[in-house]
Amino acid sequence: MVNFIWLGMIVFGIIVAGANGNIEAVTRAALDGADSAVKISISLIAIITFWLGIMKLAEEAGLVRALAWLARPVMRFLFPSVPKDHPAMGAIVMNLSANILGLGNAATPMGLIAMRELQKLNRGRDTASDAMCTFLALNTSCITLIPTTIIGIRLLYGSADPTEIVGPTIMATAFSMCVAVVVDRILRRLYSGRRW
28 MVNFIWLGMI
38 VFGIIVAGAN
48 GNIEAVTRAA
58 LDGADSAVKI
68 SISLIAIITF
78 WLGIMKLAEE
88 AGLVRALAWL
98 ARPVMRFLFP
108 SVPKDHPAMG
118 AIVMNLSANI
128 LGLGNAATPM
138 GLIAMRELQK
148 LNRGRDTASD
158 AMCTFLALNT
168 SCITLIPTTI
178 IGIRLLYGSA
188 DPTEIVGPTI
198 MATAFSMCVA
208 VVVDRILRRL
218 YSGRRW
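Going by my numbering, the sequence shown runs without a break in its numbering and finishes at 223.
No lab work stands behind these hints, which were simulated from the structure alone. One or more of the hints may lead you astray.
Pair by pair, the computed Cβ-Cβ distance ranges are [claimed, not checked]: (1) Gly45 x Cys205: 24 to 32 Å; (2) Ala57 x Ala155: 31 to 39 Å; (3) Ile50 x Ala88: 55 to 63 Å; (4) Val193 x Asn132: 14 to 22 Å; (5) Phe104 x Ile50: 35 to 43 Å; (6) Pro107 x Val38: 22 to 30 Å.
All values derive from a computational prediction rather than experimental measurement. The beta carbon of each residue, even a glycine, is placed where N, CA and C say it ideally should be.
Please take these sequences and the hints and turn them into a complete structure.
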(Lines of atoms letter the chains of each structure in order from A and count residues from 1; the text may use other names and numbers.)
(Lines give C-alpha, C1' and ligand atoms only; values in the text may rest on other atoms or scores of the structure.)
Protein backbone atom coordinates (compact mmCIF):
# COMPACT_ATOMS: atom_id res chain seq x y z
CA MET A 1 0.00 0.00 0.00
CA VAL A 2 2.78 2.42 0.92
CA ASN A 3 4.42 1.76 -2.45
CA PHE A 4 1.25 2.89 -4.21
CA ILE A 5 1.14 6.06 -2.10
CA TRP A 6 4.75 6.90 -2.97
CA LEU A 7 4.17 6.10 -6.63
CA GLY A 8 1.07 8.31 -6.64
CA MET A 9 2.96 11.23 -5.09
CA ILE A 10 5.81 10.90 -7.57
CA VAL A 11 3.51 10.67 -10.59
CA PHE A 12 1.37 13.56 -9.32
CA GLY A 13 4.50 15.67 -8.78
CA ILE A 14 5.76 14.95 -12.30
CA ILE A 15 2.36 15.79 -13.82
CA VAL A 16 2.12 19.09 -11.91
CA ALA A 17 5.71 20.00 -12.80
CA GLY A 18 5.07 19.19 -16.46
CA ALA A 19 1.84 21.20 -16.50
CA ASN A 20 3.66 24.21 -15.02
CA GLY A 21 6.64 23.87 -17.36
CA ASN A 22 9.07 22.97 -14.53
CA ILE A 23 9.94 19.40 -15.46
CA GLU A 24 13.65 20.21 -15.00
CA ALA A 25 12.89 20.93 -11.32
CA VAL A 26 11.83 17.28 -10.90
CA THR A 27 15.06 16.04 -12.45
CA ARG A 28 17.14 18.42 -10.34
CA ALA A 29 15.30 17.45 -7.14
CA ALA A 30 15.72 13.73 -7.89
CA LEU A 31 19.46 14.11 -8.48
CA ASP A 32 19.95 16.37 -5.44
CA GLY A 33 17.97 13.99 -3.25
CA ALA A 34 19.98 10.98 -4.40
CA ASP A 35 23.25 12.86 -3.85
CA SER A 36 22.20 13.92 -0.36
CA ALA A 37 21.03 10.39 0.55
CA VAL A 38 24.37 8.87 -0.46
CA LYS A 39 26.36 11.48 1.52
CA ILE A 40 24.25 10.97 4.64
CA SER A 41 24.44 7.17 4.36
CA ILE A 42 28.21 7.19 4.05
CA SER A 43 28.54 9.62 6.96
CA LEU A 44 26.33 7.46 9.19
CA ILE A 45 28.36 4.32 8.51
CA ALA A 46 30.86 5.34 11.21
CA ILE A 47 28.15 5.82 13.84
CA ILE A 48 26.37 2.57 13.04
CA THR A 49 29.62 0.61 12.82
CA PHE A 50 30.75 1.93 16.20
CA TRP A 51 27.54 0.93 17.96
CA LEU A 52 27.39 -2.45 16.19
CA GLY A 53 30.90 -3.10 17.49
CA ILE A 54 29.86 -2.11 21.00
CA MET A 55 26.84 -4.43 20.76
CA LYS A 56 29.04 -7.31 19.56
CA LEU A 57 31.50 -6.72 22.42
CA ALA A 58 28.60 -6.66 24.88
CA GLU A 59 27.32 -9.94 23.48
CA GLU A 60 30.75 -11.61 23.65
CA ALA A 61 31.38 -10.30 27.17
CA GLY A 62 28.15 -11.81 28.44
CA LEU A 63 26.44 -8.47 28.98
CA VAL A 64 23.51 -9.63 26.87
CA ARG A 65 22.85 -12.48 29.29
CA ALA A 66 23.23 -10.11 32.23
CA LEU A 67 20.84 -7.64 30.63
CA ALA A 68 18.42 -10.46 29.83
CA TRP A 69 18.61 -11.58 33.46
CA LEU A 70 17.92 -8.04 34.71
CA ALA A 71 15.06 -7.63 32.27
CA ARG A 72 13.66 -11.11 33.01
CA PRO A 73 10.63 -9.96 35.06
CA VAL A 74 9.54 -7.54 32.34
CA MET A 75 10.29 -10.05 29.59
CA ARG A 76 8.32 -12.78 31.39
CA PHE A 77 5.35 -10.42 31.59
CA LEU A 78 5.62 -9.36 27.94
CA PHE A 79 6.51 -12.81 26.54
CA PRO A 80 4.92 -15.46 28.80
CA SER A 81 4.99 -18.12 26.08
CA VAL A 82 8.77 -17.87 25.47
CA PRO A 83 10.94 -20.10 27.71
CA LYS A 84 13.26 -18.02 29.90
CA ASP A 85 16.54 -19.39 28.44
CA HIS A 86 15.38 -19.55 24.82
CA PRO A 87 17.65 -17.87 22.22
CA ALA A 88 14.72 -15.65 21.22
CA MET A 89 14.96 -13.81 24.56
CA GLY A 90 18.59 -12.84 23.96
CA ALA A 91 17.81 -11.64 20.44
CA ILE A 92 14.80 -9.67 21.69
CA VAL A 93 16.91 -8.01 24.40
CA MET A 94 19.64 -7.13 21.88
CA ASN A 95 17.09 -5.72 19.45
CA LEU A 96 15.45 -3.59 22.10
CA SER A 97 18.87 -2.45 23.37
CA ALA A 98 19.83 -1.25 19.90
CA ASN A 99 16.50 0.54 19.58
CA ILE A 100 16.98 2.17 22.98
CA LEU A 101 20.28 3.53 21.68
CA GLY A 102 18.54 4.87 18.58
CA LEU A 103 20.18 2.40 16.21
CA GLY A 104 17.27 1.15 14.15
CA ASN A 105 19.56 -0.18 11.42
CA ALA A 106 21.71 -2.05 13.94
CA ALA A 107 18.59 -3.50 15.55
CA THR A 108 17.35 -5.09 12.32
CA PRO A 109 19.63 -8.18 12.28
CA MET A 110 18.73 -9.02 15.89
CA GLY A 111 15.06 -8.45 15.11
CA LEU A 112 15.24 -10.94 12.25
CA ILE A 113 16.96 -13.49 14.49
CA ALA A 114 14.35 -12.95 17.20
CA MET A 115 11.50 -13.48 14.74
CA ARG A 116 13.14 -16.63 13.37
CA GLU A 117 13.50 -18.02 16.90
CA LEU A 118 9.93 -17.04 17.78
CA GLN A 119 8.73 -18.80 14.62
CA LYS A 120 10.41 -22.00 15.83
CA LEU A 121 8.25 -21.75 18.96
CA ASN A 122 5.25 -21.08 16.72
CA ARG A 123 5.51 -24.65 15.36
CA GLY A 124 5.51 -23.58 11.71
CA ARG A 125 2.08 -22.00 11.71
CA ASP A 126 1.31 -19.39 9.07
CA THR A 127 -0.11 -16.87 11.54
CA ALA A 128 1.97 -14.83 13.97
CA SER A 129 2.01 -15.91 17.60
CA ASP A 130 1.19 -13.60 20.50
CA ALA A 131 4.92 -13.28 21.24
CA MET A 132 5.66 -12.31 17.64
CA CYS A 133 2.95 -9.63 17.71
CA THR A 134 4.22 -8.27 21.03
CA PHE A 135 7.79 -8.18 19.74
CA LEU A 136 6.74 -6.37 16.58
CA ALA A 137 4.82 -3.79 18.63
CA LEU A 138 7.81 -3.23 20.92
CA ASN A 139 10.27 -3.11 18.04
CA THR A 140 8.35 -0.41 16.20
CA SER A 141 7.54 1.69 19.27
CA CYS A 142 10.59 1.12 21.49
CA ILE A 143 11.69 3.86 23.85
CA THR A 144 14.78 5.67 22.59
CA LEU A 145 17.08 7.09 25.26
CA ILE A 146 19.91 8.14 22.97
CA PRO A 147 18.78 8.91 19.40
CA THR A 148 22.29 8.49 17.99
CA THR A 149 21.32 8.33 14.33
CA ILE A 150 19.23 11.52 14.53
CA ILE A 151 21.96 13.30 16.50
CA GLY A 152 24.45 12.23 13.82
CA ILE A 153 22.24 13.62 11.05
CA ARG A 154 21.78 16.89 12.97
CA LEU A 155 25.56 17.13 13.35
CA LEU A 156 26.03 16.58 9.62
CA TYR A 157 23.69 19.47 8.85
CA GLY A 158 25.40 21.82 11.31
CA SER A 159 22.78 22.00 14.04
CA ALA A 160 23.67 24.47 16.81
CA ASP A 161 22.49 21.98 19.45
CA PRO A 162 22.14 18.49 17.94
CA THR A 163 21.25 16.90 21.30
CA GLU A 164 18.27 19.15 22.08
CA ILE A 165 15.95 16.44 20.74
CA VAL A 166 16.92 13.93 23.44
CA GLY A 167 14.23 15.00 25.94
CA PRO A 168 11.33 15.14 23.48
CA THR A 169 12.48 11.86 21.92
CA ILE A 170 12.47 10.08 25.29
CA MET A 171 9.00 11.43 26.12
CA ALA A 172 7.47 10.60 22.73
CA THR A 173 8.96 7.11 22.48
CA ALA A 174 8.14 6.27 26.12
CA PHE A 175 4.52 7.20 25.46
CA SER A 176 4.41 5.21 22.22
CA MET A 177 5.89 2.14 23.92
CA CYS A 178 3.38 2.34 26.79
CA VAL A 179 0.53 2.59 24.28
CA ALA A 180 1.92 -0.38 22.33
CA VAL A 181 2.11 -2.57 25.45
CA VAL A 182 -1.41 -1.61 26.60
CA VAL A 183 -2.95 -2.13 23.15
CA ASP A 184 -1.09 -5.45 22.79
CA ARG A 185 -2.54 -6.65 26.10
CA ILE A 186 -6.05 -5.49 25.17
CA LEU A 187 -5.94 -7.16 21.77
CA ARG A 188 -4.54 -10.36 23.26
CA ARG A 189 -7.43 -10.50 25.67
CA LEU A 190 -10.02 -9.69 23.01
CA TYR A 191 -8.81 -12.17 20.42
CA SER A 192 -7.55 -15.07 22.50
CA GLY A 193 -9.97 -15.02 25.41
CA ARG A 194 -7.09 -15.32 27.86
CA ARG A 195 -6.93 -13.58 31.22
CA TRP A 196 -4.24 -10.95 31.80
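Here is how each hint holds up against the structure:
1. Gly45 x Cys205: 24 to 32 Å: 47 Å, violated
2. Ala57 x Ala155: 31 to 39 Å: The hinted range 31 to 39 Å holds for alanine 57 and alanine 155, with Cβ atoms some 37 Å apart.
3. Ile50 x Ala88: 55 to 63 Å: 57 Å, holds
4. Val193 x Asn132: 14 to 22 Å: 19 Å, holds
5. Phe104 x Ile50: 35 to 43 Å: Violated - the Cβ-Cβ distance for phenylalanine 104 and isoleucine 50, about 57 Å, lies outside 35 to 43 Å.
6. Pro107 x Val38: 22 to 30 Å: 47 Å, violated
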